[in-house]
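Asker: Listed below are the residues making up each chain.
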Amino acid sequence: MSDTTTTAVTGRINGREQTLQIDNADLLLDVLRDLGLRGAKPSCEMEVCGACTVQLDGLPVSACTTLAAEIDGRDVETIEHLDADGTLHPVQEAFLRHSALQCGFCTPGMVMTAKALLEQDPDPSREDVVHWLEGSICRCTGYATIIDAVLDAAEVMRRAR
Amino acid sequence: MLILSDFRLHRPASLADALLLRAELGDEGAVYAGGTELLLALKMGVLEYEHLIDIKRCPELRGVQQVDGTVRIGAATTHRDLETSPLLARLLPALAELERHVANIRVRAAGTIGGNLAFAEPHADPPAMLTALDARVELAGPAGVRELPVEDFVLGAYETALGDDELVTAVVVPVPPAGVRATYRKLATLERPTVGVAVMGEVAGDTFATAPAVVVGAVDERPLRVDATPLAGASVRDRDALEAVVEAARDLVDPVDDLSGSADYKRHLTGVVTRRALEHIVDPGSPS
Ligand code: FES
Ligand code: FES
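If you're matching them up, the sequences are chains A and B in order.
Read in order, the letters of the first sequence are residues 1 to 161 in my numbering.
Read in order, the letters of the second sequence are residues 1001 to 1288 in my numbering.
Hints were generated in silico from the structure; no laboratory data involved.
Please note that the accuracy of each hint is not assured.
Which residues of chain A face chain B? A partial, calculated answer using Cβ under 8 angstroms [said to hold, decoys possible]:
no., residue
1, GLU17
2, SER43
3, VAL48
4, GLY50
5, THR53
6, PRO60
7, THR66
Capping the alpha-carbon separation at 25 angstroms, the derived lysine to any residue pairs in SDA-like fashion look like this [unchecked claim]:
no., chain 1, residue 1, chain 2, residue 2
8, B, LYS1056, A, ILE137
9, B, LYS1043, B, GLU1159
10, A, LYS41, A, GLY73
11, B, LYS1043, A, LEU35
12, A, LYS41, B, ALA1013
13, B, LYS1043, A, ALA8
14, B, LYS1043, A, ILE137
15, A, LYS41, A, ASP23
16, B, LYS1043, A, LEU37
17, A, LYS41, B, ALA1041
18, B, LYS1056, A, PHE105
19, B, LYS1043, B, GLY1069
20, A, LYS41, A, THR4
21, B, LYS1056, A, MET46
22, B, LYS1043, B, ARG1011
23, B, LYS1043, A, ALA84
24, B, LYS1043, B, LEU1148
25, B, LYS1043, A, ASP34
26, B, LYS1043, A, LEU59
27, B, LYS1056, B, VAL1046
28, B, LYS1056, A, GLY15
29, B, LYS1056, B, ASP1081
30, B, LYS1043, B, PRO1093
31, B, LYS1043, A, THR4
A virtual CB, placed ideally from N, CA and C, is assigned to each residue, including glycine.
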């Protein structure tokens, strides 16, 4: 039985397996940001805005409301991993083509959420994209360019397969 | 950043171990699954626990199975698992559709059906639907396993019949017989429903064979069953019968003013959403 307030966890962060001694009370967002991965942003901290979105085992989660200990045995991916090989991910390229960002605060979350969608469903309808992005808030773009970008990225990725 | 205070994290690998921890820790330990409700409450300081028991590693608590005439949903099954379960889509399509619209994708990826029921946040979607479907909650504790109808399990806001030494292990939903349909309509301003209405009934053409089950969720502290006898044997196009049930729903609820609206507004919406749900079950193409 656990009698300390920390837990030893081994998980993959951006493709690299790491063993960390985690404070049970630490949230994933804090731990990632302490590791220098600052793409995911604290904003609402209540699971409603999406600014802190990372992928956990392929699905988007709110890192603001996920215990860091949850990475044990699992795979975390953040926006920083997407251009690790020096080229942008097709979703990022599409965001640029469609000017789907202005201040950029929401963008890491939007991109990670959109990427997760395209991994689950390579050929989403416009309605599917809207539904999947519900709960991802952007104060700048008005969303239309973001949705266009996701659909465009889907097409590019399908053609590349 | 919102900071949690320290706690011990227990991660039992079996239901038996989880129950031992429950018995030992009692009300000093919180059951932790998706954390979508619990972590918010801990962050805001409205709850504090010395121990969290993470039940996600208990294989007995996960997955969707067909058992006799029911669908048995493990308590730690996520909303996303339910949204994408082929079994649920086939046997309980209205519940699968509801799950697709719970909160947002991040909450669905983490949050669980058992957690949703056990936390008993009134502004939730599943409880009304599970009540209409006559679902039961399976609870395990030192004295063994017991089952309660969902409507007897949820006692009020954040209040359930769950004992300090018990765990919700599953939700058991009877598969409706052929000809019986269900639907759920809601109006949500933020991510939680302001009003949600679930209906289950036997429909032939546009006529209800018997009075449908009509359950209003999210308005009061717990789901409420509306008396729908005026619709027994009646067509949904029988305006008098339909409006009698809509009126009964409006009269039944006891809303309070809060962030999702004034009491008057919520009473009005209860009528609107009840009407839409009754029309939708007969004509799935009707506006939502
Ligand atoms: S900061 Fe996590 S969802 Fe808004
Ligand atoms: S680009 Fe500014 S919030 Fe989305």
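Asker: Hints first: check each against the structure and report whether it holds.
Answerer: Hint by hint, here is what the structure shows:
no. : hint                     : result
1   : GLU17                    : violated, 19 angstroms
2   : SER43                    : violated, 11 angstroms
3   : VAL48                    : holds, 6 angstroms
4   : GLY50                    : holds, 7 angstroms
5   : THR53                    : holds, 6 angstroms
6   : PRO60                    : holds, 5 angstroms
7   : THR66                    : holds, 7 angstroms
8   : B:LYS1056 with A:ILE137  : violated, 29 angstroms
9   : B:LYS1043 with B:GLU1159 : holds, 20 angstroms
10  : A:LYS41 with A:GLY73     : holds, 24 angstroms
11  : B:LYS1043 with A:LEU35   : holds, 22 angstroms
12  : A:LYS41 with B:ALA1013   : violated, 33 angstroms
13  : B:LYS1043 with A:ALA8    : holds, 22 angstroms
14  : B:LYS1043 with A:ILE137  : holds, 21 angstroms
15  : A:LYS41 with A:ASP23     : holds, 20 angstroms
16  : B:LYS1043 with A:LEU37   : holds, 22 angstroms
17  : A:LYS41 with B:ALA1041   : holds, 21 angstroms
18  : B:LYS1056 with A:PHE105  : violated, 33 angstroms
19  : B:LYS1043 with B:GLY1069 : violated, 41 angstroms
20  : A:LYS41 with A:THR4      : violated, 29 angstroms
21  : B:LYS1056 with A:MET46   : holds, 22 angstroms
22  : B:LYS1043 with B:ARG1011 : holds, 21 angstroms
23  : B:LYS1043 with A:ALA84   : violated, 34 angstroms
24  : B:LYS1043 with B:LEU1148 : violated, 31 angstroms
25  : B:LYS1043 with A:ASP34   : holds, 19 angstroms
26  : B:LYS1043 with A:LEU59   : holds, 23 angstroms
27  : B:LYS1056 with B:VAL1046 : holds, 24 angstroms
28  : B:LYS1056 with A:GLY15   : holds, 23 angstroms
29  : B:LYS1056 with B:ASP1081 : holds, 13 angstroms
30  : B:LYS1043 with B:PRO1093 : violated, 35 angstroms
31  : B:LYS1043 with A:THR4    : holds, 20 angstroms
The structure shown violates the earlier hints numbered 1, 2, 8, 12, 18, 19, 20, 23, 24 and 30.
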